[in-house]
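J.: If you want the building blocks of each chain, they are given just below.
Protein chains: 2
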Amino acid sequence: MFAEILTVGDELLTGNTVDSNSAFIARRLTERGYWVRRKTTVGDDVEEIKKVIREILDRKPEVLIISGGLGPTHDDVTMLAVAEALNRELVLCEECLERIREFYRELYEKGYIDDPELNEGRKKMAYLPEGAEPLKNTEGAAPGAYIEHVGVKIFVLPGMPREMKAMLEKEVLPRLGERKFIQRKLLAEITDESKLAPLLIEALERFDVRIHSSPKGFGRYIGIIIFGESEGEIERAKAFLEEKGIRFEEGW
Amino acid sequence: MFAEILTVGDELLTGNTVDSNSAFIARRLTERGYWVRRKTTVGDDVEEIKKVIREILDRKPEVLIISGGLGPTHDDVTMLAVAEALNRELVLCEECLERIREFYRELYEKGYIDDPELNEGRKKMAYLPEGAEPLKNTEGAAPGAYIEHVGVKIFVLPGMPREMKAMLEKEVLPRLGERKFIQRKLLAEITDESKLAPLLIEALERFDVRIHSSPKGFGRYIGIIIFGESEGEIERAKAFLEEKGIRFEEGW
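Just so you know, the sequences run in chain order A and B. Numbering-wise, UniProt numbering puts 203 at position 203 of the first sequence, and it's gapless, one number per residue. Numbering-wise, UniProt numbering puts 60 at position 60 of the second sequence, and it's gapless, one number per residue.
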C-alpha cells in the first residue's frame, strides 16, 4: 500500500511558503496504513507537472495525492496538466459550474467581491479531466477531482490549506477504506546509538511493525516511532526492546 | 541556473515533521538567482535515495542540495547512498574524524554524554564519498560534503535545521558566487483575476523579471512577487502594471 504526494506551486519553490500541506496529507495517509514513499514539489508549469505525474504513475503507487494550482489565476494549471498527463480532455463539469456560480454569488451578497459574474478564470475551475469524479470544496470555489487511472487512485486537491484539509477529510479519506495504522512515539534513553541499531533490526524481524528512529539532543536520547496495525503488536515490540535493556519514556 | 533540493528522512514522509528545511534552502537559492525547479523528499533508504539522486543528475541541474540522514544512527544512510549513486567509494576523512572526536569529547566534558569514545555510529559520520570536500558543521558532529560530479555541484547537508542552516550560510552559499536576485512582494487589488493575466504576461515579455501570483482572500487581492536582478527592473515592471490600471499595496 504505497502512496506518493505531489504539491504544486511556485511559492513552494521560492521558499515563500513552507509546504505544511504535504506533511498533513502524509500524516493522514500514514494513519490509514499507507506508506508514503516519496513527496515531490514542482512549480505552476504545465510541462513540469505533466512530466512528474507520468514519472509517479510509472512507479505505480496505489494512491497519488496532488495539491495546489486549482484556482482562478493564470498560473493555476494543475487540472490541465493532470488531463494532459493522462491523455484525457478537460471537460466542463456542469454541477461544478453551478456550485462555483453559487459560491461567487454568496461572496457578492456578503460584500466580499464587487462582481458575481463568472469570468474566464472562475469558469476555468469547472473543467475536470474526462471521467473524473468531482470532489466537493466546502471552503472555496475550486472543486477537486478523483480519477482512477492505470490502477492508481489519483486525487487532485486545492492548495489553500483550509480547503485542502476539508476535502481530504470529507472526500478523500472515506474513499481509502477503514484500515487504521497506529503509531507510538517513544524516547529511548541510550548513550550509545550503535547498541540500539541491531536491536531495532531484530524487532523489525520478529514483529509486524515499522520503526523509525532519530536522534534527540546529543546522543542521550533517541526518538523512536513504532508503527503497527494493532496496539498489541506495538506493545510486544516495545516489551522486546525493554527486555534487551532499552529504557523508554512516552512521547516527544 | 537551475537547482534541485532533496530532503531525506522517514519523519518527513510520515508527516511527523514539516519540511521547513527545503523552504529555507529554496529561499536562499532564489535570492542567489537560482531557479529551484523541483524539490523531492524520500525516506532513509539507500536504494530510494540512490535512485532519486540519479534521476536528479539526469536532469542536469547546476546545483543539487541534499539535506538529512547524516547522523550516527542506523537509518542515517545518505552519505552511503550518495557515494553509491555516484559510483564512488566511501573513504575516511581523517580531519573529520578528528573533529568528531573533539566534538564528543567536549560534550562529555560538559556532562551531556556518558561516553566520549568513538563507537561505530559516531565513526561512520567521518566517511565521505571519494573526492568530496568536507563541509564544516559548526553546530553538530556530522560533516557535510561538497562534490562536483558530471557538472553538478552537489552539497550534502545535515537534517537538523540548526546544523543545516549554519552549513548552508557558511559553507554552501560562499561557493555559489555573489550574484543576487531581488524579490518584491506586492498585493494587487483587483476583483477580476482574468484582467490581470494578460498584463502579467505582457510584463514578463517586456522586462527581465519573473512574476508569481497567487490569490489572497476571495478574489479581491492577488499576491504578486516580482523577481529581478535589479530594483530598477522590478520598479519598471511595477510601473508598467500600474499604468495599465493595477493598484498595488506593498507586502503581504
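Warning: the hint list may mix true and false statements.
It does not matter which identical chain is meant; a pair holds if it fits inside one copy or across any two.
As the list claims (entries may be wrong) - Simulated crosslink set (SDA-like; lysine to any residue; CA at most 25 Å straight-line):
id, residue 1, residue 2
1, Lys51, Leu107
2, Lys50, Tyr221
3, Lys195, Leu90
4, Lys185, Tyr146
5, Lys185, Ser20
6, Lys180, Arg27
7, Lys244, Glu120
8, Lys238, Arg105
9, Lys51, Met1
10, Lys244, Ile190
11, Lys195, Arg27
12, Lys110, Gly223
13, Lys185, Arg54
14, Lys244, Gly151
15, Lys165, Phe24
16, Lys153, Tyr221
17, Lys153, Ile190
18, Lys51, Gly111
19, Lys244, Asp114
20, Lys180, Phe103
21, Lys153, Leu118
22, Lys238, Pro134
These are computed hints drawn from the structure, not numbers from a lab. None of these values were measured; they are calculated from a predicted model.
J.: Given a CA cutoff of 25 Å, do Lys238 and Arg105 count as a within-copy pair, a between-copy pair, both, or neither?
T.: neither (56 Å within a copy, 32 Å between copies)
J.: Which holds for Lys195 with Arg27 at a C-alpha limit of 25 Å: within a copy, between copies, both or neither?
T.: Cα proximity of Lys195 and Arg27: none, with 30 Å in one copy and 39 Å across.
J.: Checking Lys180 and Arg27: alpha-carbon separation at most 25 Å within a copy, between copies, both or neither?
T.: within (12 Å within a copy, 37 Å between copies)
J.: Given identical chains, is Lys51 near Gly111, meaning Cα to Cα at most 25 Å, within a copy, between copies, both, or neither?
T.: neither (41 Å within a copy, 53 Å between copies)
J.: When no copy is specified for Lys153 and Tyr221, does a C-alpha distance of 25 Å or less occur within a copy, between copies, both, or neither?
T.: neither (40 Å within a copy, 35 Å between copies)
J.: Is it within a copy, between copies, both, or neither that the alpha carbon of Lys50 lies no farther than 25 Å from that of Tyr221?
T.: neither (43 Å within a copy, 29 Å between copies)
J.: How would you label the pair Lys244, Glu120 (within, between, both, or neither) given a Cα cut-off of 25 Å?
T.: Answer is between; shortest inter-copy Cα gap is 20 Å, intra-copy 66 Å.
J.: With identical chains treated as interchangeable, where does the CA-CA distance between Lys51 and Met1 reach 25 Å or less: within a copy, between copies, both, or neither?
T.: Cα proximity of Lys51 and Met1: in one copy and across copies (23 Å, 20 Å).
J.: Measure nothing new, just compare the shortest in-copy and cross-copy C-alpha distances for Lys244 and Ile190 to 25 Å and report within, between, both or neither.
T.: Cα proximity of Lys244 and Ile190: one copy only (12 Å, versus 65 Å across).
J.: Cα distance capped at 25 Å. Does Lys195 pair with Leu90 within a copy, between copies, both, or neither?
T.: between (57 Å within a copy, 23 Å between copies)
J.: Under a CA distance limit of 25 Å, which applies to Lys244 and Asp114: within one copy, between copies, both, or neither?
T.: between (69 Å within a copy, 20 Å between copies)
J.: Within a copy, between copies, both or neither: which one fits Lys51 and Leu107 at a CA-CA cutoff of 25 Å?
T.: This pair counts as neither: shortest intra-copy Cα distance 36 Å, inter-copy 48 Å.
In summary, the numbered hints that this structure violates are 1, 2, 4, 8, 11, 13, 14, 16, 17, 18, 20, 21, 22.
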